[in-house]
Each structure stands twice: as structure tokens, then as C-alpha cells.
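Listed in order, the protein sequences are those of chains A, B, C and D. Here the first sequence stands for residues 1 to 207, where the numbers follow the UniProt record's numbering. Here the second sequence stands for residues 1 to 107, where the numbers follow the UniProt record's numbering. Here the third sequence stands for residues 1 to 350, where the numbers follow the UniProt record's numbering. Here the fourth sequence stands for residues 1 to 617, where the numbers follow the UniProt record's numbering.
For the record, the hints were derived by calculation from the structure and aren't laboratory data. The beta carbon of each residue, even a glycine, is placed where N, CA and C say it ideally should be. Hints should not be assumed to be uniformly reliable.
Said to hold, decoys possible - Listed below are several chain D residues computed to face chain A (Cβ distance under 10 angstroms; list not exhaustive):
| no. | residue |
| --- | --- |
| 1 | VAL14 |
| 2 | THR176 |
| 3 | PRO209 |
| 4 | PHE224 |
| 5 | ALA227 |
| 6 | ASP494 |
Stated by the list, open to error - With a straight-line cut-off of 25 angstroms between C-alpha atoms, the simulated SDA-like cross-links for lysine to any residue are:
| no. | chain 1 | residue 1 | chain 2 | residue 2 |
| --- | --- | --- | --- | --- |
| 7 | A | LYS98 | B | ILE56 |
| 8 | C | LYS74 | D | MET594 |
| 9 | B | LYS19 | B | PHE29 |
| 10 | A | LYS205 | B | SER50 |
| 11 | C | LYS74 | C | LYS89 |
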Amino acid sequence: MSHDHSLNPETMPNEPEKATLEGKNKFTGLWFFLGGETVLFATLFGTYLALRNSTAGGPSSEEIFGLELVFIMTILLLTSSLTSVYAMYHMKNNNYKKMQLWLIITGLLGLGFLSCEIYEFVHYITHYEFTFRSSAFGSAFYTLVGFHGGHVLFGLSWLAALLIRNGKRGLNLYNAPKFYVFSLYWHFIDVVWVFIFTVVYLMGKVG
Amino acid sequence: MMENTNSDNVNPYQKQKNKEEMKKQLITFAAMIVFTLIAFSIVATELMPSMFVVPILLILAVIQVGFQFYYFMHLKDKGHDMVAVMIFGGVFAAMLTLAGLVAITWW
Amino acid sequence: MIGWMGKFRALFLLSLVALVLSGCGKENLTALVPKGYGAESSMDLIILTTVVMLFVFLIVMLVYVIVLVRFRKKKGQEDFIPKQVEGNKTLETIWTIIPILLLLVIAVPTVAATFDLADQNGSSEGINIQVTGNQYWWHFNYMGEEIQTSQDLYIPEGERVYLNMLSSDVIHSFWVPSISGKMDVNPENENRMYIEAYEEGVYWGKCAELCGPSHSLMDFKVVVVSPEEYDQWIEDMQNVDPEEEPLDAVAQEGKALFEENSCMGCHAIGSSPAQVGPNLTNFGDRSTVAGILEPTKDNLTTWIMDPESIKPGNKMTGNYPDLTEEEADKIAEYLMQLQPSEVTPDSAGN
Amino acid sequence: MSKAATQKRGFGAVLWDYLTTVDHKKIGHLYLFGGGFFFILGGLEAMIIRIQLIKPNNDFVSAGLYNEMITMHGTTMIFLAAMPILLGLMNAVMPLQIGARDVAFPFLNSLGFWLFLFGGILLNCSWFLGGAPDAGWTAYAPLSTTTPTHGVDFYIMGLQLSGAGTLIGGINFLVTIVNMRAPGMTYMRMPLFTWTTFIASSLILFAFPALTVGLFLLMFDRMFGAAFFDVALGGNSIIWEHIFWIFGHPEVYILILPAFGLFSDIFSTFSKKRLFGYTAMVFATVLIAFLGFMVWAHHMFTVGLGPVANSIFAIATMAIAVPTGIKIFNWLGTMWGGSITINSAMLWALAFIPSFTVGGMTGVMVASAVADYQYHDTYFVVAHFHYVIVGGTLFGILAGLHYWWPKMFGKILHEGMGKLAFWTFFIGFHLTFFIQHFLGLMGMPRRYWVYLEDQGLDFGNLVSTIGAFFMAFGVIVFLINVIYTTVKGEKAADDPWDGRTLEWATSSPPAFYNFKQTPLVRGLDPLWIEKTDGNGKMTPAEPLGDIHMPNNSFVPFVMSLGFFIAGFGFIYQTDHKAWLIVLFAGMAIGLGSMLYRSLKDDHGYHITKEELEREAD
Ligand code: HEA
Ligand code: HEA
Ligand SMILES: [Cu+2]
């Protein structure tokens, strides 16, 4: 079990992410963690749904939400999901350079998403004076969307650390699971976003 | 987009399989984009009464999420049994939580 | 509630009455001697479930004792290896089915009683009282009667009284064990329940949801009187003139002090809906001072001098100028004379 | 680096070893010590509660202090004593039971422990810093969002930290069991304690995130001006109750299931019989866990959810009696026809059956919604849950400690003292809590600082307090037993109880790599099978080879310390913004160590075949 050598055609297993026990453990562990995250976000969604009409006289969701920006954000994040799929595709083909490239694109898309979100929040605060403290609805909105944004931010830092650390090393059985596990996490962020744009924004527009 | 690179790096059979898998994932992605477009447009155009819109939106979201899980995250592949158990455990607990907070709080 | 349970109940009540008489449980406080509809419904279920549970417990204990007596390791047989049994389908089925049946026996009346106690059909004609929980006292507003009062809740015997409950601060819980089970008093959603008392008397009420340091001192009383007395009381209360001067001089001075020291900023006398502090209209009739002390003038003076020493964390402390013992005494004299009605806890036939 | 079993070492070396260890057995010890410490603390708080209630209108402690006592007693006992001790037993035993060399993530294992410990310390710092939390262990809003001291802030940050630790521990156990079972150890051959570890861990996985979110909401309200529970701004306090109990009810099964598991192992070992109805036992465990998520609102019958919700939740709750009953009867079935040895471990297990049955039955009684309108928030409920928690979980912990002490520490606990501790505690337990059923029905609500004179509650409370002193005596005897055994206890054989499961196939205490060669499992109760087949020991599943071991690490300690420091920053930044510096400094340490960990490769090391051969058996 030597970790330090890059993979070559002879040593490249079909699923490098699960070839070692450590890798398998990481893989299983992250998936289980996502099971817990599901409950975490469900609780946040539940709180949001329970409080979304408690505006205490402040602006309501129909008044403030705009769909254009949310649509752009959605496309950014969905695309970043695809690019991370590409990265994993190249990982399985043992093409490290391409994997790096696609991961960088993934990261950039994520960054774009995050910028839009920050812009959106600032917009709400400055234009509508709709803040975290203005009503229970405000608290619930910023908490739910903010938790998701926090996950994106964490994902980006994680990705950056991975890319930098392994920049010159090539693919091996020690870092392949790390990349794979990151991509799983990234997809999950997308899953959550699908519900956020549906439940918060679209349903918020419908009323 | 998917030109062959360093074709000597992985055995050809596996390579072919990966490629087919990738094709499926591309189709999945296209479907997700379409779903998203549908969801946004029914809200933007306000063609339907909200009573219908909400369930449709939710169904679209669930299908999209299914795509993510099963294709992008490979939940359909073998070796994912325990993983699926835990995810569905999470979904089960999540549904109850939602039921509690959305419905029961207000009875 | 259910016919065949009558016998059990008689038996149980008998033994429970014995328990109570032997000093276990104070009448008008204990839930074990129900004197109202809600308490009785609960008691029926308590008895039913206890009987079922005793039955289960005896069976478990029977097997348990047999096992311990028969299957201890025997002397001289230290090396004995018992047969390694995997299980027994029949047995396992039996002890799955029987509990299910027993649970059904409990579940059905539980559901029936749950719906029965949530019934609000009579509320439009019945007596409706708005109950407000406050740290650490209770406010009662007789809806449609222009009567506001605190701490002592007057209700007529044998009639359903509908309570609408809301808290002004944290969550409290309204509980009069002898008359009815409890219901939370939440700050946002109004809760509704009804109570119906069978016998005249004064019953202890308690707050049953942790609400701060003086949670355990947030007692109140339910004064159950005959319907005639109840009408009388309503009338007396409606006729109170808050401006009326007391007869003797000390009390008059007390009244003046009461007004000077901004007591009226929080308390009300008469039907004013103000309720920062307890309404004092019939203070002299009350069964307690501060919900827990004997209704004497001395106790009241102590309270006015230093409420903190009696109810830690109460909202009165520090909200009025310091008083001398003498001043407090005069105010107490005035308040003790606020006795608008002949119908009092004492008259409610203890 | 801890190479092989070393001889005498200085205190400093031992301390450093424990601060950096990633060995699941040592982490198990740490959990036991940490949890044991908090148990004593929680017990002392319980004694103060009982002394205050010894007579009516007592003023042993003040009203505010009393509320702090009950809050800290409940919180400490559940989060910092019972659960960590159980996690300790799991750590010490479960990997051995499945024939693994360690858990899946040794580093995270240690991180989980340190997070728990620092969380517990943070919570208890509140005693010295202006007052402990005083809104009950359930911290119902808006009381918890409006109490004036920083107490509840400590509750929030302390539980957030230790909760994160628990979640990490849970995931770790799940992955270990899924991926690291020895060859032949199929799921349906796992000992019941491993099974219940697995199920309890999945309960942790699905229940704790709800608590995490709940604590965040509370934290945002208290520290950052959010309005989740602020009625004036549209907030709703019932949301907290739901979230808390969506977590809280599964939590009580997290407490009891591991105990169920170890009782199964103990009954089977000391009856010399295989577990009766193994499949049904596994199935019942799963069913309890499953149902456990659907009953949370039985804590909220009086909240005013309406008759439909109350009925549904009443029935769902009662349903749990069925799988639990299956368990009780299967345990009796296991002993039936057996050859029962009664020693201290078995005494605790035997006492569990009637005690827990009473507790479970009062559980079903309070599940009857209308009856609960009377029971709720009275001493009847206090009696119910101490019967299940003390009579179930605590008896389980004590049984497990006596049973596995030789395996964990290589010494056997003294029998005489064990029996003395048992009997005093057992009698005291029933004295304390049985009478509380009646107190509750006689009109004594819980969380009452005083009860008034002349309410008929004096006698019952007196008896209850006397009982508590018996319990305290029992605990003290047990502590003396532990000290005595450590100093001059009798050395334990590898398999002192004629055990059946794999942990007894290792030496006492096991080598740090557990198994020289991974054992081959041929059925349920693998060691018993080998013994009856006349082999006496496990057949290896692999030839002797190099063993890969993880390196020790100090990072988990530093990381937890960082978050601990940040906790103070969060709490006090509401008073003065300068505290933000502490917040950021703490987070920097925590996140910095996280970054350090992920940038530095840690491949562990190998024990070579030669080294292993050199070591005597
Ligand atoms: C280890 C912890 C533990 C366990 C195992 C249980 C087990 C159960 N609990 Fe308990 N419970 C608590 C810890 C626990 N509880 C705590 C801490 C609280 C209070 C929290 C607070 O407010 O602070 C509480 C409160 C609580 C309430 C809320 C009371 C109130 O606040 O008003 C209810 C209501 O339904 C309840 C029910 C049950 C039931 C039905 C079970 C069942 O699982 C019991 C099942 C077992 C049996 C029934 C016995 C064995 C079975 C047989 C022998 C078969 C035959 C039996 C029948 C046919 C009945 N519990
Ligand atoms: C695991 C959980 C657990 C355990 C083990 C216990 C154990 C005990 N509990 Fe507790 N209890 C709770 C969980 C637990 N409790 C919870 C959740 C609440 C609700 C809190 C709330 O309302 O918010 C509660 C509430 C509670 C109350 C109700 C308070 C109230 O509502 O006002 C009471 C009162 O009698 C009580 C008593 C006891 C007693 C006497 C013990 C005894 O079994 C304790 C025995 C242990 C000892 C006595 C320790 C002995 C040690 C020493 C004496 C030290 C010696 C020291 C050295 C040698 C250095 N508990
Ligand atoms: Cu529960």
C-alpha cells in the first residue's frame, strides 16, 4: 500500500476512489454525512416554511424576490455540477491535467454563484431594508439561504486546498478519494439549491 | 469536448465504459436544464393557478434531485446499498421534520 | 366513560380514597380524586392503563422469578452446557400479538377521550374566559361581562367553562389537578380548553411549565360556586366603583398612597383591561396574597415592602418608590378592604 | 509514536500519549473518564436538588440556583455523562467485536472526544461566569431567549461543540461497521452490542442535525438579534419545541439501545446460551429506531396541537411497546433453560429487567394523551424517565463496566464491593423514584424549587431524598472499587467469563493493534463456536503480515481548543465587540488546524512482521 507514487496504466484501478480501505471509508463516511445533512437542511426548510408569512409588516417574498438573478445562479450551479462530473470522468481515465482543469472551472462557477448571492443579499438590505433582524421571515430566509451559501464557501475552500496541495503530485490512490468525495459534496450542494430555488424563490413568487 | 486523451493510460474497455457513462450524464444534465427552464417559466408566465404550480414545482425538483443522486453521484451503481440506506434514512427523517414544522405547528 | 370500567373504578377509587385519607394527597389538589370532567376522563384512562400494566408486569415477573429459581448454575454441574436454542417461532409470535391487543385496548379509549376533551361546540353559548399567563400570576377576563380579575378564578358548579389562553411573556401551563388536566399557555397561538367542576369548593391551580425562578410559586385558585352564587358574584363585580373611597381613615390614606406611588401604572381596580400587574378589584376577597401566602394584612405588607423575598424574579420589584413599613401597612389596609362580593372562597363551602 | 506495549513510563509521557492518542481503546478510556467525571458532577447536582426538596419551603438553594441545578443536572447527565460513557464502551469494545484493528477514522475519533470534552467544560464554565443555564434541559423558548444571564449562551455553545463531537463519533462507528468487519462477520453474525452501536449511531446521524439547527436558531436569536422565537416580530416558540423533540426523542433511544445491546451480550454469556431469537432482536432494534422518529410530539400533548395530532402520536408511541416487549421476552427466553451465573455484572443486568419494565410501562401510560394531561410536567414523568434512564441506561453502563473492565483494563473489579454498590444503589433507586409517581399525581409539578406546606407532599419527598442518599453511597462504593482495583486488583485472564464474542479472543487488555492476524468468523458467537469445536482460539483469516497503524496526533486537541476559545468569543461579543477578537482568534486556531491537517499527509506507519513475531503471545 504505497501512497506516494502516481498511478500508471498497470496500477490504475477502475474506481481509484474506492481502491483502498481508507478511500472506501472516506467515500462511505461522506455519503453518510450527507444523510445527516439532509436532516439539517430539512429542519432549516421546515423553519423557513413555518415562518415565511411572518413578515411583521416588512416586505414579503412576493415583493422582493426577482427571478432573473436566481435563474442565473441556478444555471451557474447546475453547470458546475456537470463540470465536476467531467473532472471525475477524467480522473477515472487517469488524466490528471484535465481533471484539474475541470475542477478549476467548477470552482470558478461556484465563485460566480457566490458573488451573485452576495449581490442579492446586499440588494435586499439596501433596497428593501429587508434584513436578518427585521422579521421572523427575514431571519428564516437569511439563515436557510445563508447556510447553503456557507456550504458553497466551505466547498470552495476545500477545493482550493485540494488543488493547491496536490498541484504537482499527479493522481494517486491517496488523493483520488479526496477528489471524489469533494465532488459528491459539491453535487449535494446543488441538490440543496434545487430545493431552495423551488421552495424559497419560485414558491415565494407564487405565494 | 470528449476527445480521446492519452488513450494508453487506462484499459480500452474501461475507457469505453466511462465514455458511455459520460454520455448518460450529459443527457441527464440536459434534462435538468430543461426542468429548470420549465419551473422558472411556469412561475414567470403566471399561466397556472398557484394551486397547481406548487405541486408541479415540487415534482420537478424531486426528479431533478433524483438525477443528481442517481446519475451524477452514482447512487445507481453497485456498492451503494448502504449508502442508499443512509440517504433514505435521512430523507425519511427529513420528511417527518418537514411534516412537523410545516403542518403540525399550526394545528 | 366506558361501562365495564365502572366496577374497576369503584374498586380503585375505594383504595385511592383510603390512600388519600391516610395522608397521601391533599384533597382539592390531588389528581387522584377527580372533581371535574377533565380530571375524571384522565382518571379513567389512568386506571385502565394501570390495570393493563399491572397485568403485563405480573407476567414478566412470573417468568422472571421462575427463571431465577430454576435456572441458576447448580453446584456440581459447573461444566454443564445448556442447549443452544435459536428461538421459537410460536412463542415469539405470541409475545408480539398479545401486546398489540393490549395496546388496542388502551388506544381506542385514548383517542375517544382526546377528541371528547377537544370539543368546542358549546363555546359560543357557554361562559368564555380569557386566561392570560404572566410571570408569575394569572389574569382572567370574563368575556362579554366586563370583569377583569386575577389569581382567583370563579366558575359555576356543573357548567362547562371555556378558556381561551394566551401568555404575555413565556410559556406557562394551566393546571388544576382535581378538575382538569393541563394545557399550555403559549405566547403566540391561543389555546382553547374547557373545564367543568362537579363540586363546590376551592381548588389549587398550578403553573406546570417552567417559566422562571418563581415558577413554583405561580399558584392560583379555582373557586367553584353554585350557579346562583356565580350570578351574584358577576353582578357584584360589575357594580364595583373603582373610585369609591374606603370608609376608615387608614384605608383612605392607603388609597392615596396607592395612587401617589404609581401603583395604578401597573395594577387596575375595576374593569380596566390593563394587566401589567394583577387586577386588584376583589383583592380583599382573595384566598391568598401573591398566590401562595395566607390572606392576611401582615403578609400583604411584607409583600409590598419586599416582593423579591417572596417571589424571586417577579416584575413588581423595583418598579415603585421605596415605601416605609407604615406606608406599606396603610396600602395593605386599603387593599384588604376591597371586598366587593359576599361570594368569596370562604363562602364556597370548603 | 506509541510503538508496542511499552514498560514503565513517566507521568508526562502517559499524559502526552493520551492527549495525542488515536487508538480506539485509549479513546474509550478517555470517554469513560470524561463521562465519569461529568456523571459525578451531575450526581452532585441531583443531590442538591434532592436536599432542597427534603422538606417543604426549604431554602437550601435559591430559586434561581435551583433552576440552574435542574438544567445542568439534566443536560450534564444526558449529553455529558450517559452518552459519552456509552460512546466510550462502544469505542473500547465494538471494533474488537467485529475483528477490526481500529475504527475507520482514528483521527476523527480523537477529534470527537476532544470536542465533547471541551464542550462539556465550556458548559460548566458558566457556573463561574455569572450563572449556569436555567431554562431546563429542554430550553424552551421564549424563556431561553429571554433569561438575563449568559447561562443559556453557554448551553448553546457547549452543546454545539459536544454535539459535533457526538455526530463525528456516530459517523465513525457507522463506517467502521460497514467497511471493517473481519472476513465472515456478516451483518447477521454481529453481536447485539455491535448492532445496537450501529443503530444508535444512525439515530445520532439523523437526530443530531436537528439539534444543531435548533441551537443555531437559538444562538441567532440570543446573540445576533434574529427573531425566530420573538413573537413581536412574527416568531413562533412552538418551532423550538418541535425541533428539540424531533431530536430529543430519538436521543432517548440513543441512550437505551446500546444498553439493550450489551444486556443481550451479558445475558447470553452468563446463561451460557446463545441469544434467544437473535433475528427478532435485531429486527426489534431497527423497529424501535424507526418508530422512535415518529413519536416526538408525545412530549407536546399539552401544547395544543389538537386532537388529531395527539391521537396519531399517542398511538405511534404505544406501538414502541411491541418491539421493546419482544426484547424483554427474548432476554427471559435466553435465560430460560440456561445455566445462570450471578455476579456483579449480571446483577445489574438482572435488576434492569423489572426496573426498565416499570419505566417502559409508565411510558405507555403517559403515551395515553388524555392521561398525560395530568401526568405531563409532573413528578410522574420524572419518575418515568428516571426508571428508564437509570434503570435502563445507567444499569446498563454499570453492567457493561463490570463485564468489560477486565478487557479494558486487565483487572477484575472486586466482587464484594460490586455487590454492595449494587444493592445500595438498587434499593436507593426504587426508594427515590417509585414514590415520585404518586407525588406527581398528588399535584406536584416538576421543576418546582419549593412545594408548600400542608399539600400532602412532605412525606413522599422525604422518602425520595433518603433514597437518593442510598444511591450516592452506592456510587461512592463503586468509585472506591475502581480505585482499589486499579491499585491492587486481581489480574484478569484473557477470557474471564467464558465469553462468546470476538473481544474475548484478544488479550486483556488487547495489544494496541488488537489482532495480530484478522480472525476468520464462522458464525454467530464466533469464539464460542471455536471453543465448542475444541480449537479454543480463532483461526486467522490471513497470514501474519505487516500491520498498518495511524500516527498519533495533537491536532484534534488543538482544534477543539480553538473552537472552545471561539465559544467564549461568541458568548461575550454581545457585551463588548472587543470579544470578536477572541472569536476570530479561536476560529483561526480551529480552522487553521483543520487546514494543517488536510495539507499535511499522514500515511501512518507499519508494524513489521518481524516485530510482531518477536512479541510474545
Ligand atoms: C432511556 C430513555 C427513555 C426510554 C427508553 C423511554 C421510553 C419510552 N417513553 Fe419516555 N421519556 C424519557 C426517556 C425515555 N423514555 C425522558 C428523558 C422523558 C422526559 C423528557 C423531559 O420532558 O424532560 C420522557 C418522557 C416521555 C413522555 C412525555 C411525558 C410528558 O412529558 O408528558 C412520553 C409520552 O408518551 C414517553 C413515553 C415513552 C414510551 C412509550 C417509551 C417506550 O419506549 C417504553 C417501551 C417499554 C415497555 C412498554 C416495557 C417492556 C414491554 C413489555 C413488557 C411488553 C408488553 C407491554 C405492553 C403491552 C404495554 N416518555
Ligand atoms: C442520564 C440521565 C439522568 C440520570 C442518571 C439522573 C440521575 C438522578 N436524577 Fe435526574 N434528571 C435527568 C436525567 C438524569 N437523572 C433529566 C434529563 C432531568 C430533567 C431536567 C429538567 O427538568 O430540565 C432530571 C431531573 C431530576 C429531578 C427533577 C428536578 C425537578 O424537576 O425539579 C430529580 C429530583 O429528584 C432528579 C433526581 C435524580 C437523582 C437522585 C439521580 C441519581 O440517580 C443520581 C445518582 C448519582 C449520584 C448520587 C452521584 C454520587 C456521587 C457523589 C456523591 C460524589 C462523590 C464524590 C467523590 C467521591 C469525589 N433528576
Ligand atoms: Cu419521548
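Each hint tested on the structure:
Among the interface hints, the one on VAL14(D) is violated; its C-beta lies about 29 angstroms from the nearest C-beta in chain A, farther than the 10 angstroms criterion. For the restraint placing THR176(D) at the interface with chain A, the shortest Cβ-Cβ distance is roughly 8 angstroms, inside the 10 angstroms limit, so the hint holds. Here the hint on PRO209(D) is kept, as its CB sits about 4 angstroms from the closest CB of chain A, short of 10 angstroms. Annotation: PHE224(D) was flagged as interfacial toward chain A, and the flag holds, the nearest CB pair being 7 angstroms apart, inside 10 angstroms.
Here the hint on ALA227(D) is kept, as its CB sits about 5 angstroms from the closest CB of chain A, short of 10 angstroms. Checking ASP494(D) against chain A by beta carbon gives a least distance of about 27 angstroms; that is not within 10 angstroms, so the hint is violated. Of the supplied pair hints, the one linking LYS98(A) and ILE56(B) is violated, its CA atoms being roughly 39 angstroms apart against a limit of 25 angstroms. Distance hint between LYS74(C) and MET594(D) is unfulfilled; the C-alpha atoms sit about 59 angstroms from each other, more than 25 angstroms.
Distance restraint check for LYS19(B) and PHE29(B): the Cα-Cα separation of roughly 15 angstroms lies within the 25 angstroms cut-off, and the hinted pair is therefore satisfied. Taken as a hint, the LYS205(A) and SER50(B) pair is honoured in the structure, with Cα atoms around 10 angstroms apart against an allowance of 25 angstroms. For a cut-off of 25 angstroms, the pair hint linking LYS74(C) to LYS89(C) is broken: about 29 angstroms separates their Cα positions.
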